[in-house]
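> Kindly generate the complete structure, drawing on both the sequences and the hints.
In this text, residue positions in the sequence shown follow the working numbering: the first is 34, and each later residue adds one.
FYI, nobody ran anything at the bench for these hints, they're computed from the structure. Backbone N, C-alpha and C fix where the C-beta goes; we use that ideal spot for every residue, glycine too. Treat the hints loosely; a few may be bogus.
Claimed, not checked - Heads up, simulated BS3-like pairs for lysine-lysine below, C-alpha to C-alpha not over 27 Å straight-line:
no., residue 1, residue 2
1, LYS106, LYS130
2, LYS103, LYS52
3, LYS137, LYS123
4, LYS52, LYS88
5, LYS108, LYS85
6, LYS120, LYS130
7, LYS52, LYS123
8, LYS52, LYS105
9, LYS130, LYS141
10, LYS108, LYS52
11, LYS120, LYS52
12, LYS108, LYS120
13, LYS138, LYS108
14, LYS88, LYS123
15, LYS137, LYS52
16, LYS88, LYS120
17, LYS52, LYS106
18, LYS85, LYS52
Unchecked claim - Here are the in silico distance ranges between beta carbons for each label pair:
no., residue 1, residue 2, range
19, LYS141, ARG95, 18 to 26 Å
20, ARG53, GLY99, 20 to 28 Å
21, GLY99, LYS137, 18 to 26 Å
22, ILE49, TYR90, 16 to 24 Å
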Amino acid sequence: MTLLSNTEETRSSVYITQKRYIEHNEVEGTDKTELSQFSTDEPVLKKSKLSKSNKTYPILIRLTDGNSDKSKKQKISTVVQPDALSKFWKEYSSVIKSGVVGLKKTKKSKKKKAAK
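So, in structure tokens, the structure goes:
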């Protein structure tokens with residue numbers, strides 16, 4: 034979150050991405066190059082193998098400043114465990130709210146109000 038707090042003095046953008054974090058690939062199979070073993074008669078995924086999972090996963094959070102120069106680009110990533118998500122989002126929202134204080138409200142012109 035230091036990337037967010039450092040950028041509040043200057044005009045800049047911060048991009049955040051999140052996705053489910055899986056430590057290893059759970060898909061087991063043969064080499065991808067051997068496509069001749071698959072027949073077109075049977076579906077690739079059978080319905081019996083598809084099941085809903087109640088397992089919880091950690092979330093991978095990535096922050097970047099969006100700088101096009103790769104040598105100057107700052108990147109931060111962290112893994113947030115499911116039990117710490119509410120604490121993380123509370124801290125994240127407080128940082129965002131502290132950066133919004135300096136924003137000015139845009140004034141609507143009278144022409145736009147009259148048109149409505």
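> List in ascending order the numbers of the hints, as given earlier, that are violated by the structure.
5, 13, 15, 19
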